[in-house]
Each structure stands twice: as structure tokens, then as C-alpha cells.
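> Chains A and B supply the protein sequences, listed in that same order. If you read the first sequence in the working numbering, its first letter stands for residue 1, the second for the next number, and so on. If you read the second sequence in the working numbering, its first letter stands for residue 1001, the second for the next number, and so on.
Some hints here could point you the wrong way.
[To be verified] Some chain A residues near chain B, calculated using beta-carbon distances under 7 Å:
(1) 67
(2) 137
(3) 138
(4) 140
(5) 141
(6) 143
(7) 170
(8) 177
(9) 201
(10) 207
(11) 209
(12) 214
(13) 217
(14) 228
(15) 229
Read the hints as simulated data drawn from the structure, not as lab findings. Model, not experiment: these values are computed from the prediction. Note that beta-carbon positions come from the ideal geometry of N, C-alpha and C, so glycine has one too.
Take a look at the letters that make up each chain.
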Amino acid sequence: MRRSLGCLAIVFGLLLGPALVAPVAGSTAATTIRSASYTTPQGAVTWTVDHTAKIITVSVNLQIYAGCRHCGAAFNEFIEGRMESLAKDMSKRIRDVWNQHNHYYCYELIFEVNITVGRDSSHVDGDRVGIRVDNSPVNIRDFVYGLADKDKWNSNDPADRVEPINDPDHPSTWSERHNRRGHDEYAHEFGHVIGLHDAYEEVKDPTTGKVVKSVLRTGAPDDLMGNHNYPFLAQQTINRLVERSPVDRSKLKCSYRVVGSFQEANSYVACAGAVSPLITDTVEFTVTLTGDGASTVTDFKNSKTTFKALTTPVPVSTRAGGVLRVRVKSDPEILDATRGTVKLGPDHDPVKVVVAGVYTLGICEFYDRTGRRLSEGATFDTDVGTTFDTTKFVGGTQEGSSDLALGWTWVITSL
Amino acid sequence: MIEAADLGNDETINAIEGVRFTPAGEEAARAVLASSASGDALWAATWVYASSAADPAPLGPLLNNADASIRAMAASALVALGEDSGFAVLAASVSDADRLRGSVPPLAIGSFALSTLSRYVAAVGVPAEPATEADLAAAAANWAAWLREHENQLTFDATSGTWNTP
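Please model the entire structure based on the sequences and the hints provided.
See the structure below:
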């Protein structure tokens, strides 16, 4: 299907001109594919998911070759002596930048890159993306040639991911010098190979039409794909990468056991008119998130509320000549949770969980030697909850926020 | 094709990409350089010619061009070819923060000049290549000072394609 779309775009390009053409070079503007001999390298970029280990592995096969083979001694020395080491250097730079424990929900992304040295643009292996290494003194243009619509830079639709192609007449090109500005150009261009657009755009002078500067696109994160000075990936970019990928996101499942603990000293919530030195309760439940945005809250476990012996807030002398005493006639229950909802933040995080249930105000008996009187009990619908971040677990656990309901603390364990 | 170059139209530049590193492209670029071309056509001719040519002669006059990007590209190619005439332009360009026209991703002329110097001057004691953007200003100053002191001593090793001091 995707291949058909690509061919369709080319036909449009030939028939209608560049304004409607979809194929683009990853780092340059929309352009017509001029060569009919381009190929889409099958198997050059593969995605595999280990649901047990919670790992998504992106494997990429590249093949580099020297741009100039007739350029004099210096260039020949480069061609013969440095391509292998350049391949290793490229691999390292790419892995270092991309393998920084980036997660999609609870799945860690691992990026593997295999680079071989080839001969020229006409002899690139069918399962590799060919990269021409610009070894010239004017190696100032780095790009990946592929199929995409540059206006869809922020789409998370798989149909809009950049698909690298091998076109002998329009080879993807990376400069020999990757670190001339402290920039990670190889890592940036690698982002195009695996499906991402540039997150910056060029600004032209409206009078002259000449490019005067480049700026981050509106809404784009200031990361590797928008600014080569930043060798890290924002969560928004990682999410886009995975959501554009062939990975079946509905099968990505991340479960978390949430334990909420309520504790209040000198508490008035046990029953009306009495105070407990300490009252506690706990609730447990499981939150499951799936990669397609669905969520469930299940497996509730409500403990029984415990409390220390109640008293009146201050000693009360009675007419009978004693002190008014208190005992619990019907136990309070801080929370009996029965259901929950989940709301995800803009880039899946934070995860806000709200559980709903019933709070039961206990019934106390106030008595002295002459008689007794009962307080009024009641039940109330109540919500408590917490927020946590799927990417911030340390040793598998995380303390959730306690700002949704007073008195509660939360511990979330990644299952 | 080269005459039609328009840096505001990627179509035209991508078409030229297809002839870079080819003898035909090099010859076409030489012809444009020999003409009265200016603007983007001259930029493209300089870029294509400097990419692969071994004859420095057409590049020399470009060192005085009004376009700083063209000057820098010509200077880089001349230095790579063993012509010391490019050093003065590179030294004067190291602090130029303007964008090198046609560069993708965007590259400052000064960064390009620094990169060229780091690449082709292999002498002992040359300033360290800037590791980050924050190091650029210091690197520019260090290179300008280093060239003032050592430029006259530099000799070109055609085997390695680099410049050294005795």
C-alpha cells in the first residue's frame, strides 16, 4: 500500500508539476523524483518488539560509499583508508545519541545500526539504505532522500513517515565531517532514515525569496530533529517515531500496580464529634496502558480502615460526675474504591489516575455512667487519585503525586 | 542545469546534486565559472566545481567575490588542493555568523571555515576543533591567531592532502 502511494506521488509529480508532489528529501524541500530507477530498500529498517523484556528494537542497515572517486590524492586516501573507520564512527555516534533509554510507555527503544562500505550509488545492496559520503571540501549539504510530505512533519500517522529510497541519481548524502559544529548530523540524518521529518523550517525573505534563516517549527520540541545542537530526543519525537512505525501499538501493554496509603493523625474523619490519634487505610489497583491510547483500571483491593481508640476532642465532664467516653459503634471506611479512570498528558505523560468509591463516616457512641448517645453516620461518594510518569521509574517503582486528595501517598510499581 | 540554480527552489538544487562528482558536472560548472554568471548560478557552479575539481585556476578569482559563501567555498577547495591563497579568506571568515548559503542543515560561514581549517591543517599545535557550539567563538579567535603566526610556514603534503609546519 505504501509503495503504491509512493508511485502515485511520482505520477502526480510528472503530470502536475512539483507543487503537488509528495516525495521529499528528509532535510530538504519537496521535490520530484527524477529518476525512474529508484528503489525502496526492503528490510533496511526493521522493527521488532519483545513484549516480555519490554523492548522495541529498531535495526537499520546502511551502506556508505565515497562521493568522489576521481578527486585526487587526498580524496583517494580518504576512500581507501577511512571508509571502514568512518562506518564505525558513524555507528557509534548514532548509537550514542539514540540509545539514551528512550521509552515509549514502558517499552525501551534500542537502536541498532549496521553499516557496510559499498562502491557507489548504483551498487547499493537491496536491503540497505545507501548513503553517499560527501568527502569534498564543500560538503555542506546533508540529507536523506525519501518519500514523504514535508508538511506532515508532525503527523503521527504511519502513512506520513519518511521512507528512505535508493536513487542512483539522487543519493542520500552525509558529509564526511560530522562534528564540525559540535552537531550530531549523523544522528539527525539517521532520524530521517527511520521515519522522522525535520522539525525546523527555513524562512525566506519575502522580497528576494532567499533563505535567510532556519527556525524551529511551531510546536516542535527543541531536540535533535529540530536543532543539531541538542543530541537528545524529546518524548514527543519518540512518540511520533513509534506511532509512525509498523509496530502494532495495540499490542504494547504496560501495567502498573498502584498502592495508595491514607494516614491522618488526630483525625476527625472516623466519626462525627470524635477524634482518633491515627487512622489509616490503603487501596490497591492495577493500571494498564496500551500503545494505542487505551487504558483500564482493574484488580481493586480495598483494605479495612484501621484507627486508634477515639476520644472527644477535649475532655468533657458530665453531670453525672464522670468523663464522656467514646466507642465506635459502626466502623468508618476511608475508601472503598470500585472504579477508576485514566487521563494521559500530551505526550502520554503524566498519567493521571482517579479512582472513585465510597467513604463511610463511622457511628460513634458517646456515653457516661448515666446514658449514651449515637453520632450520625453517613456515606459519601469520593474520588482520590495520583499522577505518575511512565518514564520516571527508578528500580521499577515511583512515588506518585499526592495532590489530588489530602492524606494519601502513592507508590507505583511497574509490572 | 547549473545556470538554473535557485536556492529558494530545492527542485533545482536537487537536480544539480545528481551531477556533482561527475566529470560532466565538473565541466559544466567550469563553463559557468568562466562566464559572467552571478547569484545562485555562480554559487552552484562553485559548489559543483569545488566538489571534485583538481584544477584550482577557476577558483582563484572567486576569492574576491562579493558573496561570502562563494568566497568560503572557493577558499576551502583551494586549501584542499594545496593552494595557500585560500587561507586569508578562511582566516577572515572564521567569525562570520551568517549562514553559508545552500547549506543543509544550516551552517554558519565561520563554522564551515573552522571545519575546513581543522580538516586540512594537520600541523602540531593547531587549535582544537570546537566540540560544541559554545566553543566556536574561542576556536575562531584561536585559529585567527594561529594563522597569523604560522600561515607563512605552512607547506602542503599532496600525499595526505594536508598542510603542515616544518
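> Now tell me, hint by hint, if it's right for this structure.
Now for the hints, and whether the structure bears them out:
Because the beta carbon of residue 67 of chain A sits about 5 Å from the nearest beta carbon in chain B, less than 7 Å, this interface hint is met. Because the closest C-beta pair between residue 137 of chain A and chain B is about 4 Å apart, less than 7 Å, the hint holds. Taking 7 Å as the C-beta cut-off, the interface hint given for residue 138 of chain A holds, the closest approach to chain B being about 4 Å. Taking 7 Å as the C-beta contact cut-off toward chain B, the hint placing residue 140 of chain A at the interface holds, the least distance being around 4 Å.
Proximity of residue 141 of chain A to chain B holds as hinted, the smallest CB-CB distance being about 5 Å (cut-off 7 Å). Because the closest C-beta pair between residue 143 of chain A and chain B is about 6 Å apart, less than 7 Å, the hint holds. Checking residue 170 of chain A against chain B: minimum C-beta separation of about 6 Å stays under 7 Å; hint holds. A cut of 7 Å between beta carbons decides the hint on residue 177 of chain A: the least distance to chain B is about 6 Å, and the hint holds.
Checking residue 201 of chain A against chain B: minimum C-beta separation of about 11 Å lies over 7 Å; hint violated. For residue 207 of chain A, the interface hint is violated, since its Cβ never comes within 7 Å of a Cβ in chain B; the closest pair sits about 11 Å apart. This hint holds: residue 209 of chain A has a C-beta 4 Å from the nearest C-beta of chain B, less than the 7 Å allowed. Given hint, residue 214 of chain A at the interface with chain B, holds; its Cβ is 4 Å from that chain's nearest Cβ, closer than 7 Å.
Given the 7 Å rule on beta carbons, the hint for residue 217 of chain A is violated: about 14 Å separates it from the nearest Cβ of chain B. The interface hint given for residue 228 of chain A holds, since its Cβ lies 6 Å from the closest Cβ of chain B, which is under the 7 Å cut-off. Look at residue 229 of chain A: its Cβ gets to within about 5 Å of chain B, closer than 7 Å, so that hint holds up.
Hints 9, 10, 13 from the list above are not met by this structure, while the remaining hints are.
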